[in-house]
Amino acid sequence: MFEINETNGVYTVTGSGAFDELVNVIGVEAKSKLSTRGKITDANSAQSYLSAYMFPLKHEEFWVLYLDTQHNVLEVKKLFSGTIDAAPIYPREVVVDALRASAAAVIFAQYLPDRLNPHK
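Residue numbers for the sequence shown follow our numbering, so the first one is 73 and each next one is one higher.
Just so you know, these hints were derived from the structure itself, not from any lab. Please read these numbers as outputs of a predicted model, since none were measured by experiment. Just so it is clear, CB atoms sit at the ideal spot from N, CA and C, and this is done for glycine as well. One or more of the hints may lead you astray.
Said to hold, decoys possible - No more than 25 Å apart at the CA atoms, straight line, and that leaves these computed lysine-lysine pairs for DSS-like:
hint, residue 1, residue 2
1, Lys150, Lys111
2, Lys130, Lys149
3, Lys149, Lys111
4, Lys150, Lys130
What the hints assert, rightly or not - Label pairs and their in silico Cβ distance ranges:
hint, residue 1, residue 2, range
5, Asn96, Gly154, 33 to 39 Å
6, Ser123, Glu75, 18 to 24 Å
7, Asn96, Lys149, 17 to 23 Å
The task is simple: from the sequences and hints, build the whole structure.
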């Protein structure tokens, strides 16, 4: 069992357990902090925001950040999942979901499990 403590913006982790459990605990903490911050100012902040959601997976995934007019995050959502080497993306579903979220802007992200050998 792991426990995360924060003091003046510095985080410490105590406890012991499996590595997967540690990754999960850190992911939950990261997502909770991001949901309170939620402003995308540049590509780096978008990447940092999405990194908390896109842990090392074994298959491709297509994610969307829905933003308001001030680039505050309205919602982050995994729209499509695929296999180890493919993820079908349906533009109509992307547009319908963006309208449902009342998004003024969207940022798309695709997780590729094999970063050293990207698809051609």
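These are the hints, each one checked on the structure:
1. With a CA separation close to 19 Å, the supplied pair Lys150 and Lys111 stays within the 25 Å bound.
2. The suggested pairing of Lys130 with Lys149 holds, with an alpha-carbon distance near 18 Å, which does not exceed 25 Å.
3. With a CA separation close to 16 Å, the supplied pair Lys149 and Lys111 stays within the 25 Å bound.
4. A hinted pair counts as satisfied when its Cα atoms are at most 25 Å apart, and Lys150 with Lys130 qualifies at roughly 15 Å.
5. Remark: the range hint 33 to 39 Å for Asn96 to Gly154 is contradicted by a beta-carbon distance near 23 Å.
6. For Ser123 and Glu75, the Cβ-Cβ distance of about 22 Å falls inside the hinted range of 18 to 24 Å, so the restraint holds.
7. Range check, Asn96 to Lys149: about 20 Å between beta-carbon atoms, so the 17 to 23 Å window is met.
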